[in-house]
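S.K.: The chain contents come next:
4 protein chains.
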Amino acid sequence: MDHLQRLSFTSDYMEGAHPAILRRLLETNLEKTPGYGLDPFSESAREKIRAACRVPDAAVWFLAGGTQTNAVMIDAFLRPWQGVISAESGHISTHEAGAIEFGGHKVLALPHRNGKISAEQIRACAAAWQQDANREHMVMPGMVYLSHPTEYGTLYSLRELQEISEVCRAFQIPLYLDGARLAYALSCPENDVTLPDLGRLCDAFYIGGTKCGALYGEAVVIPDGKALPHLFTLIKQHGALLAKGRITGLQFDVLFTDGLYETIGRPAIEAAARIRSALAEKGIPLAVPSPTNQIFLLLDPARAEALSEKVEMSFMERTDDGRLLMRIATGWATTPEDTERLIACL
Amino acid sequence: MDHLQRLSFTSDYMEGAHPAILRRLLETNLEKTPGYGLDPFSESAREKIRAACRVPDAAVWFLAGGTQTNAVMIDAFLRPWQGVISAESGHISTHEAGAIEFGGHKVLALPHRNGKISAEQIRACAAAWQQDANREHMVMPGMVYLSHPTEYGTLYSLRELQEISEVCRAFQIPLYLDGARLAYALSCPENDVTLPDLGRLCDAFYIGGTKCGALYGEAVVIPDGKALPHLFTLIKQHGALLAKGRITGLQFDVLFTDGLYETIGRPAIEAAARIRSALAEKGIPLAVPSPTNQIFLLLDPARAEALSEKVEMSFMERTDDGRLLMRIATGWATTPEDTERLIACL
Amino acid sequence: MDHLQRLSFTSDYMEGAHPAILRRLLETNLEKTPGYGLDPFSESAREKIRAACRVPDAAVWFLAGGTQTNAVMIDAFLRPWQGVISAESGHISTHEAGAIEFGGHKVLALPHRNGKISAEQIRACAAAWQQDANREHMVMPGMVYLSHPTEYGTLYSLRELQEISEVCRAFQIPLYLDGARLAYALSCPENDVTLPDLGRLCDAFYIGGTKCGALYGEAVVIPDGKALPHLFTLIKQHGALLAKGRITGLQFDVLFTDGLYETIGRPAIEAAARIRSALAEKGIPLAVPSPTNQIFLLLDPARAEALSEKVEMSFMERTDDGRLLMRIATGWATTPEDTERLIACL
Amino acid sequence: MDHLQRLSFTSDYMEGAHPAILRRLLETNLEKTPGYGLDPFSESAREKIRAACRVPDAAVWFLAGGTQTNAVMIDAFLRPWQGVISAESGHISTHEAGAIEFGGHKVLALPHRNGKISAEQIRACAAAWQQDANREHMVMPGMVYLSHPTEYGTLYSLRELQEISEVCRAFQIPLYLDGARLAYALSCPENDVTLPDLGRLCDAFYIGGTKCGALYGEAVVIPDGKALPHLFTLIKQHGALLAKGRITGLQFDVLFTDGLYETIGRPAIEAAARIRSALAEKGIPLAVPSPTNQIFLLLDPARAEALSEKVEMSFMERTDDGRLLMRIATGWATTPEDTERLIACL
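Protein chains in written order, with our numbering: chain A, 152 to 497; chain B, 152 to 497; chain C, 152 to 497; chain D, 152 to 497.
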């Protein structure tokens, strides 16, 4: 089949799970446990995540996917008259098929710079609402959504995140961070934001599993464990509560054993660095200076066609000057062999 | 731990997955496939399900859980001014935390008989709306929801299902069937409804995985594959689209290989039959004449307490005469040993 | 036209407005005022309503119609995981086209007795949720909806209302009362519930204008004026904020001048009493013992047909024994002449 | 009171209604009619509107206000996976408190030019979705929202509207036009879009009453009267169905008698022209070249403060260069005397 014959660098969710996860699933398969996340595997995972993030009182929930997690958490934090601030390029603003609006909330989209928004933009947005004579006719900014790494593979610095957190707290607006690809930040040398930083600076964030070595699943961390009462019911109402919750819990238990989550992204980061070097050597320009596992490159049409015959990539858009913006994504399962074969194709 | 020491018959989702599923996950773990269900495992599963249900043109979708599946399908079939007819005891009416209402739709609840509603009730409900002078001020019945087996473990006969299907078609109301525990019907001698019958009589139904041997997952079958355009986007909007869709597809591919799904429930049915015989011998009355894997028994408080020390069951409610209505659930993974130990405790 | 030739007793919203309202509209027509209810007419009406209900700190809002008011207030009080307790016969449960579910909330319908529910039913419903092991999978009772008079024209006694209020407060569940036809209660000798009683016992209630002499409009009273922050925005979001809010405010200003609202229903009550006497004399049975302006009578088909040729009534339903349940509604504008003509037709 | 002493030019909804409306309300006050818009006044208004717009088969509905009308119509045209294209400055995008999102739909906001968007922008937006490989993960453009006059008082030319209509039809996307201030377009010499043009080019539009001489109310026109089945119920579900619908119908009956609606805006347009001339003479710059009843002027802070002592205007925003953007709105009830007094204050 085509997808087996060509090299494939289209995404970081093309394989199954880290072998340690499958191993543990096998070992524990016929143990009997209660449902809905009330099992010892989930509880163990919660404890390990609380420890890793240094948030001993945190509530930790396991959900199935990113859009679902964002929709639930945004619905949990916002009141009906509030909306969520996001970069225009944020996943909730572009590629969630209106899941936030389905829940009744407006996405208040701000211009982005390489996928990021700034503390100053957030401050200005919140202040503009406060000062607008018509603010009662408008959606109130009630939450901030960031992704880290962003949809463009870029990273917030610790300083940027601190400033954003300060603004949010000054305006009493919860800060929520989408860590769908968080493992790729944690394994990236350019990253200086740690799990405890997230625990300290965010009101909620999720640790991505689906794109970071799990079969599926995301772990939501809410440092103030009492902030969101009745969240169990809200999760159920969103169709996001899995009866066999232990399967998700067990996966995070493995990912947070012996620091696996903080290193699982390394092969992806190393492969991406090799590829970026090779692109630079070949004079192929990058569209975004992203240090993580997503590489956005600009190709003229002929070269794009030639390369696409050998390597599956994601087409993003045609630029105004006629070039093609393509994405190469490496992942936790990317092998050095595939990376070298890709480089040979360039 | 308590749940390991006591015998446990609380539900049919206490273990992991059928070993054949884990085996196949291991074998295919590092293959690369596209996301969102566009992979060959999902496609193979779809073909096998279409064949098993004799609906060659059906659309088949894989979702994560039952509440999610119900919410998506009801939202897909109904227009905003319509509601869904259900037994009062239907899962959507009682135990989905308002997921249907979250999607904007009213559940039009009808009185049930052992979890079932009749063609005549549905006809009367639809006709009453048609004949009501105030119908334009009322929610229009726009869909029928059945569960098979029901929440009380009972079964619709083929004849009952045919009559319901006829009424639905006469009123042009789609018929949707929740098969969360469908495997336990298919393995049950009392059942005369086959997968092709569902394919012929329903406008949509789902084949339960979570409670029938999968790690998680439900397969929705829509016999008229063109009935619901843009369903992909609606699924995404509900947060129900898994990036690594192949994991769900693969599980159903295994469940529909060599007829596994149609036999996987047998151990549960055999165990339940053994337990029912034993209860009859001991003179312990059943609350509902259910032939499948759920047994509803009535215990006086002393006996309930004594038994609960040895066997974990589900408490349903206290009856007016002071007895306790308890549920024993067997499952695909129930062993004869555990069954005999349970009987010894009675 | 048909509706002009026959006597018409179909509803209490068949005429325009009390003449005093039109007079005041004319007098003030070209005065300039700010929009959105921030005008002196609305402010004057608020003050008069606060005084009449003895709730000096109440928030008072003016909305356009009953379904809208119910939908806004229920959405304002409930959190997403909560539903509203109502009689099965409650307007929100039957004749609002799913407006409450459109806002995402389930109506928790209880059996009614002549349109009423009891404190004991509410207590049992709230307690059942608290005690249910599966309560986190269920919609939480978060509010109580009553109508007074009810949809069947019946009245809660002060004692019944006190008991309900006590239960609600014990369970911390807001009590909301729909007073679409409140003027007909206040003018009814059998009624012992005053406006100050409502102010003391309810967490919110609305004083109906549409059916009680206004062109349109309902006045919501929230005794604790700080209970619902951002309600202005929520009202706007529901499409319920009128730019020219003064028109509604002015109408309530007139209705609450010199106690007009408390007497405006008298002609309706007197006419209804006359009609009930006449029905009793003729041996025509009542279906419901309602003391207010709605009369529910049972007619055999021949008599119903004969009477309908001369008098327009509302057909409610055909009873099991083949009789027709019809409604005669009197109103603030019903004249003694029309009443006598109706009686002559019986 | 302040609002009586200062000249007031803050909005076009500061007075009551055109005297002819009040007169007719008085004349017909005690006539009895059926509710919910099924009365002869509403029917007469519908016929007159159909004739004026040359849409003999149109459905015509009367609603209470603009946000409500927009929310209902957008919900009526869109399926759940679709959003509505609007100028960023569109009322639905900015000042409706998230009413569209409350209904579950995303507003797809495009950059505006003086409040307007172009056919080319709409084409590009619809085509971009069609061509995006990820379109199934995105909100589908399902409708276009225009306002005429726009929120900045500007007008679409007939040619612009024709081009937009062509694009919409090519993409099978309904075109909906918000005519909250339509009377001010129809009375404006620069306007070349007639009611029959709207009837021919739009899939739905509303004729504003609230800001154009009614007590309240908007008239929705849907040229293809069968386009939106069950709209009555949807209107009810949105809380937008008035029991005493005749009051709205009667007002439009008056507004569409003897062409009143097409001339009612003249005093406003003449006053605005006088004021613009005076501003030009005084060298006070306009921020937007709007030809209708809204004038957007730029004042330095000192002048703004001085003028505000004598004339109430709307403050819009502070520009980057420190000036104040203010709005003067004239209306159907603006008198030449007030206009001259305003000019004298400049």
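Misleading hints may appear alongside valid ones.
[Unchecked claim] For each label pair, taking beta carbons as the anchor points, the in silico distance ranges come out as:
1) A:R174 - B:E421: 45 to 51 Å
2) B:A275 - A:L181: 55 to 61 Å
3) A:G376 - B:P487: 31 to 37 Å
4) B:A279 - C:D343: 35 to 41 Å
5) B:I494 - C:S308: 54 to 60 Å
6) A:E198 - C:A278: 33 to 39 Å
7) A:D348 - C:D208: 51 to 57 Å
8) D:R264 - A:E198: 40 to 46 Å
Derived by calculation from the structure, the hints in this document are not laboratory data.
C-beta atoms are modelled at their ideal positions from N, C-alpha and C, and glycine is treated no differently.
S.K.: If a hint holds in the structure, say so; if it doesn't, say that too.
M.R.: Status of the hints after comparison with the structure:
Taking 45 to 51 Å as the suggested C-beta distance range, the pair A:R174 and B:E421 does not conform, at roughly 32 Å. Checked against the hint of 55 to 61 Å, the pair B:A275 and A:L181 fails, with Cβ atoms roughly 47 Å apart. Taking the beta carbon of each, A:G376 and B:P487 are about 43 Å apart, not inside 31 to 37 Å as hinted. At roughly 37 Å, the beta carbons of B:A279 and C:D343 sit within the given window of 35 to 41 Å.
Look at B:I494 against C:S308: about 57 Å separates their beta carbons, and that is inside 54 to 60 Å. Range check, A:E198 to C:A278: Cβ separation about 35 Å, and the 33 to 39 Å hint holds. Between A:D348 and C:D208 the beta carbons are some 45 Å apart, a value that contradicts the proposed interval 51 to 57 Å. Remark: the range hint 40 to 46 Å for D:R264 to A:E198 is contradicted by a beta-carbon distance near 57 Å.
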